[in-house]
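A.B. asks: If you read the protein sequences in the order shown, they are chains A and B.
Residue numbering for the first sequence follows our numbering, beginning at 1 and increasing consecutively.
Residue numbering for the second sequence follows our numbering, beginning at 1 and increasing consecutively.
Hints listed in this document are in silico derivations from the structure and should not be mistaken for laboratory results.
Among the hints, erroneous ones may be present.
[Said to hold, decoys possible] A few chain B positions that, by computed beta-carbon distances, are all more than 12 Å from chain A: (1) A356; (2) D564; (3) R619.
[Claimed, not checked] So, partial list: chain B residues that the calculated Cβ filter (under 7 Å) puts toward chain A: (4) T259; (5) G568; (6) Y570; (7) H587.
Keep in mind it's a predicted model, so treat the numbers as computed, not measured.
Just so it is clear, CB atoms sit at the ideal spot from N, CA and C, and this is done for glycine as well.
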Amino acid sequence: MPNPAVTALAGTDTAAGDSAAIACVLTGLETIILGKPDQIRLCLACLLARGHLLIEDVPGVGKTTLAHALAHVLGLAWQRVQFTSDLLPADIVGVSIFDRASQQFHFRRGPIFTQLLLADEVNRASPRTQSALLEAMEERQVSADGTTYPLPEPFFVAATQNPHEQLGTFALPESQLDRFLMRVTLGYPDAVHERELLRGGERRELLPGMTPALDATAVLRMQRAVRGVYVADALLDYCQALIARTRERADLKLGLSPRAGQGLIRAAQAWAYLAGRSAVLPEDVQAVLPAVVTHRLERRDAAAGDGAGVATEIIRAVPVPV
Amino acid sequence: MRGLAWCCAAFTGGVLLHVDRVPLWASAAALALVAWRLLTGRSSGRGAPLAARAALALLLVAAVLTRFHTLNGLAAGTALLVPMAALKLLETRTPRDQLVMVGAGLFLLVAACLDRQGLVRAPLYLLQAWLCCAALAVITARGLAARTALTLAGRALVLAAPLALILFVFFPRLAGAFWAIPHGEEALTGLSDSMSPGGITHLTSSYDTAFRARFALVPPPPEERYWRGPVLHDFDGYTWRRGGGFAQWRQPLEAAGKTYRYSIALEPSRHRWWFALDTPTQSPDAKVQLTYDYELLAAEPVNQPVNYEALSNTHMRAAWPLSAAERREDMQLHPGRNPRTLELAQSLRQQAGSEAALVRAALEFLRTGGFVYSLDPQPTGSDSVDDLLFSTRAGFCGHYASAFVTLMRGAGLPARVVTGYLGGEWNPIGGYFIVRQSDAHAWAEVWLEGRGWTRVDPTAVVAPERLRRGILDLFPGAMSSPQRLLHGSAWLTRLLQSWDATNNWWNGHVVKFTLDSQLDLLSRLGVRSPDVRYLGWAFAAGVLGWLALIAWHSGRDLKAPRRDPLAGAYMRLCRKLARIAPARASHQGPMSFANTVSERRPDLKERVDAIFARYTQLRFGPPAPATRTRDIQEFRRAVARLSVRSP
């Protein structure tokens with residue numbers, strides 16, 4: 001992982017307090033989610049890059065706990081929606097109710113009006129509800145009865161889904177998957193950390209005892225700082241070469257979209273910011289690439305596996321600029 | 001649609017290369033089809049019905065057959081290919097069809113190369129090759145910008161140039177191969193085997209080159225620069241002809257003047273004469289016969305430029321008396337024609353004491369008779385010599401040669417007309433004489449006992465200037481206005497001479513590069529006894545060398561896409577560090593490589609980190625244009641200073 005000694009590109013505009021706060025956030029999260037420092041870092045990078053996160057894994061590995069912990073440690077207001085097949089768009093977005101006293105319709109805001117929305121098991125809702133959520137995610141606003149209501153800032157959706165549960169689910173189509181900046185898979189913990197989990201009991205119970213390391217203003221400030229991380233022409237060349245590579249490969253159904261390319265660069269900026277650098281290096285791109293691209297790439301031959309191996313192959317195939 | 005436009009352009013280029021050779025209807029049909037296809041564009045994808053296309057194709061075959069009576073050969077083949085390939089446009093739908101059209105364009109280019117190899121056409125051929133390659137690029141890679149396609153094609157051609165050179169120099173040029181296609185039989189201007197009054201005059205307006213002559217040592221003086229061509233014996237009172245052409249015994253001659261060795265580059269004339277300085281002493285080639293009247297007569301007409309070495313002596317003496325047959329041939333006069341001339345001849349004969357005196361008297365008659373040298377004299381009747389000597393008194397070299405020979409024969413002296421060229425323009429750049437059709441000339445030869453055939457040029461008496469100056473100098477009016485312009489300006493003349501010298505070099509060294517030239521080159525390269533096998537080896541070696549060059553070139557392309565001092569220094573750093581750590585993989589970024597190195601050599605960690613920090617700042621950091629050059633210099637020095645030896 002990042003070499004702290006390579007300090008040439010050390011951020012000048014990252015306030016010292018912010019970098020301390022980031023270290024604090026990461027430590028806090030690591031005490032809740034054991035043995036997954038990379039995934040935690042990716043989740044944070046995704047948030048700072050103003051993207052949305054899809055956590056995909058089997059039940060019981062801590063998806064919900066991770067989202068919960070993220071909200072708590074960052075000090076954001078948060079809501080949780082458990083998606084089911086009978087959930088309606090209005091249950092998320094909100095509904096207009098006639099107020100007898102004023103003889104007017106009043107818009108009652110749904111759970112989406114929050115800073116961090118945890119959309120649990122998003123693939124169990126009907127496509128109609130899914131698309132209402134994803135539209136709001138993309139536009140960061142909600143329209144009802146001809147009025148537009150902006151969502152709060154920052155706004156971050158962490159959705160979870162269980163890929164193995166097939167019955168009564170509606171898998172997200174590619175176009176919807178493309179709206180998630182990253183997809184993170186947690187996986188089972190290793191032996192040491194699993195032992196600790198078994199001994200320690202429910203990790204979520206630790207949360208109330210922790211003080212938030214950040215607040216909404218700090219998060220917004222960091223998001224702006226991420227946008228200021230420098231991206232050199234050589235690095236843009238590199239990203240373009242990576243994207244072009246996905247379009248050349250005959251075994252993929254589709255290459256990466258320009259939106260995916262933009263997302264890749266934003267994610268890399270956030271990753272560099274987390275490492276305390278003021279410019280993006282090829283290593284930053286390589287670090288975020290699997291999380292950014294695997295859910296957008298699908299092999300023609302499903303038997304050859306999903307996009308997971310593809311990211312590594314692409315990284316190995318494209319020379320870094322010298 | 002863009003692919004269609006490009007393939008039409010490539011094909012049109014091919015058609016234009018032949019536009020002055022194929023029948024007009026063929027190129028017109030082709031160009032009309034191209035225009036029609038371009039105008040109808042995508043909509044006519046379906047094209048004309050099959051029956052119509054087939055009928056059109058049969059019609060074209062019939063038209064070519066009517067015109068050429070064959071489908072074989074270069075001229076007929078090209079005339080067939082031009083409209084037939086255009087017909088293909090009617091069913092050009094897919095990129096594959098467009099590639100076929102470009103193929104037709106390239107095929108037309110090859111045909112043009114077989115047809116004409118002049119230097120002036122070389123750039124056209126190159127342009128067509130470039131156009132075709134660019135069209136191939138556009139059709140193969142859709143959406144390629146025109147400029148990119150042209151650059152790509154240009155680069156491909158440049159890379160192919162060494163191969164072309166190897167093929168040109170070393171590919172064995174076996175005689176009688178398929179590319180030796182016989183040429184058409186269209187007429188060219190030049191001397192012919194007959195001469196009527198005014199017959200040579202039409203040549204004087206032609207600026208075409210007859211041949212070029214380069215002397216090994218000193219060239220002969222201007223009054224000796226007679227280039228011998230057809231010798232005319234038979235006279236019907238109006239037209240001179242070569243005569244029976246029966247084989248006769250050739251007189252051995254004794255050299256009485258200076259011998260000249262020279263080489264001639266003869267242009268195609270469609271006639272069998274090879275020209276030589278008067279008088280040639282031996283045949284320059286086995287296929288060329290030195291006749292009894294000292295013509296060089298080849299077995300085949302000259303249809304291609306030909307180079308040869310010749311040997312001549314300007315003054316010869318006959319050792320033997322004239323044979324009876326020759327005497328009979330060169331004494332004959334058409335009875336009843338030119339009676340006044342014969343009368344004059346008789347009186348001159350009676351006055352003169354000797355043969356030499358007779359010749360002098362006849363020349364004196366021409367000198368003092370008020371004769372004028374003119375390019376367009378009044379036409380003469382069937383008694384052409386009488387008309388010239390007693391009424392018009394104006395004529396050209398042919399007239400005077402004819403009159404003089406008639407006078408001599410009338411006075412009982414064997415005489416004949418020799419045609420050829422006189423003089424030539426010295427080209428100081430190429431170091432040779434260029435003899436043009438406008439230098440065509442006719443003179444007389446008389447048999448003098450004890451001396452043999454002696455050259456007498458009556459024109460020299462009438463217009464002494466002609467010996468020293470070309471026709472165009474004497475008669476500026478004979479030139480067309482562009483020629484006059486060229487002739488008038490010194491630097492234009494010089495330019496023209498340079499062009500001619502280049503052209504001559506091209507014809508001698510490129511067009512006429514034969515198997516002999518190849519073997520000669522091999523022996524100069526040090527091969528003891530060169531033969532075709534060595535050529536094959538040299539060819540194979542050349543092609544392998546070229547492939548190696550291409551491989552090296554593309555390999556270099558892959559390795560270093562940019563020639564950038566920073567990249568160069570970084571690559572040097574990586575090479576240096578590869579001595580103490582696994583080499584950097586192409587996908588490995590600077591930070592991760594620095595970590596790999598530091599793991600191997602913790603003692604170097606600080607220095608390695610510092611140097612990589614410098615690099616990442618320069619490559620990926622925000623630009624600092626003011627100090628960039630200096631920073632890169634410092635980085636290079638730091639790389640040079642870094643020592644990786646073990647402590």
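A.B. asks: All the hints need checking, so say for each whether the structure fits it.
C.D. replies: Status of the hints after comparison with the structure:
no.	hint	in the structure
1	A356	holds, 95 Å
2	D564	violated, 8 Å
3	R619	violated, 6 Å
4	T259	violated, 73 Å
5	G568	violated, 9 Å
6	Y570	holds, 5 Å
7	H587	holds, 5 Å
Consistency with the previously given hints fails for numbers 2, 3, 4 and 5, ordered from lowest to highest.
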